[in-house]
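Taking the hints into account, I'd like the entire structure generated from these sequences.
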Amino acid sequence: MMRYTLHPLGEDAVLVELGKEISKETHRKVQSLTAFLEKHPPEWMIEYIPAYTTVTIFYNPFEAYQLSNGQLPFDFVCSLITPLIEELTENDMQEPQIVEIPVCYGGEFGPDLDFVAEHNGITPEEVIEVHSSGSYLVYMIGFAPGFPFIGGMSEQIAAPRRDTPRLKIPERTVGIAGMQTGIYPIETPGGWQLIGRTPVKLFRPMDESPTLLKAGDHIKFKPISLEEYHHWEETEQ
Amino acid sequence: MINVLKPGLLSSIQDLGRTGYQKYGVISSGAMDPFSHRMANLLAGNKENDPVLEITMMGPMLTFKEDTLISICGGDLSPSINGQPVRTWRSVLVKKGSELKFGQCRKGCRAYLAAAGGFSVPEVMNSKSTYLRAGLGGYKGRALKSGDLLETGKPSLQSLKITEYLTKQILDRTFVENDWGIASELIPDTAANPEIRITRGRQFDLFSEASKVQLFKHAFEVTSQSDRMGYRLKGPALALSEHAEQISEAVNFGSIQVPPDGNPIVLLADRQTTGGYPKIGQVAAVDLPLLAQAKPGDSLSFSEISNEQAQQLLIKREMKLKELKQGIFLKTRGGN
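Residue numbers (our numbering), protein chains in the order written: chain U, 1 to 237; chain X, 1 to 336.
If you're looking for bench data, these hints aren't it; they were derived computationally from the structure.
There may be inaccurate statements among the hints.
[To be verified] Keeping only pairs whose Cα atoms sit at most 35 Å apart, straight-line, the calculated DSBU-like set for lysine-lysine is: (1) U:K168 / X:K145; (2) X:K234 / U:K20; (3) U:K20 / X:K212; (4) X:K325 / X:K65; (5) U:K39 / X:K47; (6) U:K201 / U:K220; (7) X:K6 / U:K168; (8) X:K168 / X:K322; (9) U:K39 / X:K322; (10) X:K217 / U:K20; (11) X:K140 / U:K201; (12) X:K145 / U:K201; (13) X:K234 / U:K168; (14) U:K168 / X:K295.
[Said to hold, decoys possible] Quick look at which bits of chain X chain U covers, simulated, 3 or more residues with Cβ under 8 Å: (15) 247 to 254; (16) 310 to 319.
Think of the CB as a built atom: it goes at the ideal place given N, C-alpha and C, for glycine as much as any other residue.
Here's what the structure looks like:
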C-alpha cells in the first residue's frame, strides 16, 4: 500500500503527497495515481497537476458541498480520494513512451556549448557525446507549456546557471542548468547554458495532446547536422 | 458587433480559465476577478463561463454597431455612454451607434464588460481565455487593438427577455439601465488597502517566527512589477528559519510564495502551473476579488483564518449566488 498525506491547496484543490524526495520510486507512485485519474476520472474532479512527489487534484468546492450532505468540501473530497489511493497498484501505470529528440548541437543554436566543455575540462564533442548517450526520465511538466523537468543527466556535463539570465531564449533550445538538462518549448527568459536546438515542436496548442512530452516519458537525444535540422524543421511545418 | 476605437491599457477576452491542460504546463489564465466576471455574465443573461472583456486601469473606447445588452461589473472605471455616466452591476441596453468609454479609476482597477451571447472567439484547449504570453486563445491570442471588431454570440432566452423588457423603456435614449441590479451587500468592498484573509500555506511552518508574525502585522505594498501572473509585494523581508530546498509542486490562484529575496509574490490568473518557492499562505477564494482589484501602490494586510472558515465563507457566498441566480431567473421569466 502507498503511503501518502493529503493537504489543502486553497478551497478547490487537494495536494496528495506521495514522497518527500525526488526518486524513481516516488515518481512511479505519482505515475500510477495519474494513470488511474486519466483512465477513471472521478466526476467531481476538474483536473490534476502531477509533480515530482505530489499530485494536486482540483475540484469545484460548491458542487462537492452539494454532493456531500453538509460536509466541508475538503473533507468530502479526501474521503473519496482515500479509497482510490489505497487500491492503487503499480499495474495501473502506463507503458513508458520513449521519445527520440533530434538536436543540432553548438553553433548559433548552442552558444554555451564551449563554456560547458571548458567548465568540465572536456571537448565540445565530448559534451555532445555524453549528452546524447544518456537516457533521461521526464519527472514532470511545468514552468511553461510542455517544459519537461528531466532527470538522469551525467555529472560530467553539469554547469552552473548564467549569472545574468538571457531575456529571450528561442523556443526549442536545449540547455543545461546544474545537474539538469531541459528544452524550452516557447520563447522565455532564462538562465540556462544553451547547447543546441531541436527542430521538433514541444508545444502544439492545436493538437488534442498539446505537448510532445508528458511525465513518465523517457527521452533520448540524437545529434543531427545543421542540414538535417533545416530539413526536419521544414517538414514539421 | 462592437468596434474598438481605442484599446485601453490592457483589454483582453477572458472566461473562467483553461481547465484540463495544467498537467501539460499550460497555464489557467481566465478572469483575474472571477466573481465580477460571473456577475457581469448573469446580468447579460449569459452562462457564467461565457467570455467577457477584462478591462485594466485605463479602459477602451468602443462603439456598438447594433443594439446590445451589456453589463459592467468589478472596479469602477467611470464608464460612460455618449458622455453620460452608466451604472455598474446592472443590465444595460445600449442603442446602436452609441459610444462607451471609461475614465478615471475610482475604485478597484479591473472592470468586466459582458455582452449578451458572449464574445465570439474560437475555443482553444477548452477555453476562450487569452493566454497572452503564448499568443493563444481569446481575440487572436492578444490584447485588443484599435480597429478590432468584436462579434457577439447568439443571445440566450434570458438575454432576449431582459432585452425585450428594456426595449420598452429605452424610448429615444441612447441607453437604459435596468431598474434592479446586484444587491450592494453581495458586491465585494474593493476599497484601496484591503484586508485579505488567508490560510496558512503548506510551508508556513518552515518560516522563521519573526516572519510568521510580520506576515500578519505589517502591510505589504503592491509594487509596479505586478501583472496578471502575480503581484510582487514589498514589506518586511520574510525568511525561512533555515535554508531548505523545495521540490516543485502545484500552485493555485492566490498562493503566496516567497523567493529567496524575501519579498512575497501572490500568484494570480496567469500563474505558472507549478512552483518551487515555499508557500507561506493562500488567499481565501472569497477575497480573491479584493486582491484582483488592488493596484500598484495599494497596500495589503493579511489576517489569518482556518481552512474550515475559508470553506464556510465560500459556501455561504455560493449559496447567496444560487439565490441570486434563481431571483434573476424568476424576474426575467415574468417579463422582467
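_Given hint K201 (chain U) paired with K145 (chain X) - CA-CA distance at most 35 Å_ = holds (29 Å)
*Taking only the CA atoms, is the gap from K6 (chain X) to K168 (chain U) under or equal to 35 Å?*
The hint holds at about 30 Å.
*Under the criterion that the straight-line Cα-Cα distance not exceed 35 Å, is the pair K168 (chain U), K145 (chain X) satisfied?*
Holds. K168 (chain U) to K145 (chain X) sits at ~24 Å (cutoff 35 Å).
_Within 8 Å of chain U (C-beta), three or more residues of the stretch 247 to 254 of chain X_ = Holds: 8 residues of the stretch 247 to 254 of chain X have a Cβ under 8 Å from chain U.
*Taking 35 Å as the top limit, are the C-alpha atoms of K234 (chain X) and K20 (chain U) close enough?*
holds (31 Å)
*Holds or violated: the stretch 310 to 319 of chain X covered by chain U, criterion of 3 or more residues with Cβ-Cβ distance under 8 Å?*
It holds: at least three residues are needed, and the stretch 310 to 319 of chain X offers 6 whose Cβ sits within less than 8 Å of chain U.
*Would you mind confirming whether the straight-line C-alpha gap from K201 (chain U) to K220 (chain U) stays at or under 35 Å?*
holds (16 Å)
*Starting from K325 (chain X), check that the Cα of K65 (chain X) is at most 35 Å away, please.*
holds (30 Å)
*Quickly compare the C-alpha distance for K20 (chain U) and K212 (chain X) to 35 Å and report which way the hint goes.*
With a Cα-Cα distance of about 24 Å, the restraint between K20 (chain U) and K212 (chain X) holds, given a limit of 35 Å.
_Pairwise hint evaluation, K322 (chain X) against K168 (chain X), where the allowed Cα distance is 35 Å at most_ = holds (29 Å)
*Restraint status (C-alpha distance of K168 (chain U) to K295 (chain X) at most 35 Å)*: holds (28 Å)
*Starting from K140 (chain X), check that the Cα of K201 (chain U) is at most 35 Å away, please.*
Since the Cα atoms of K140 (chain X) and K201 (chain U) sit roughly 21 Å apart, the hinted pair holds (cutoff 35 Å).
Every hint from the earlier list agrees with this structure, and none is contradicted.
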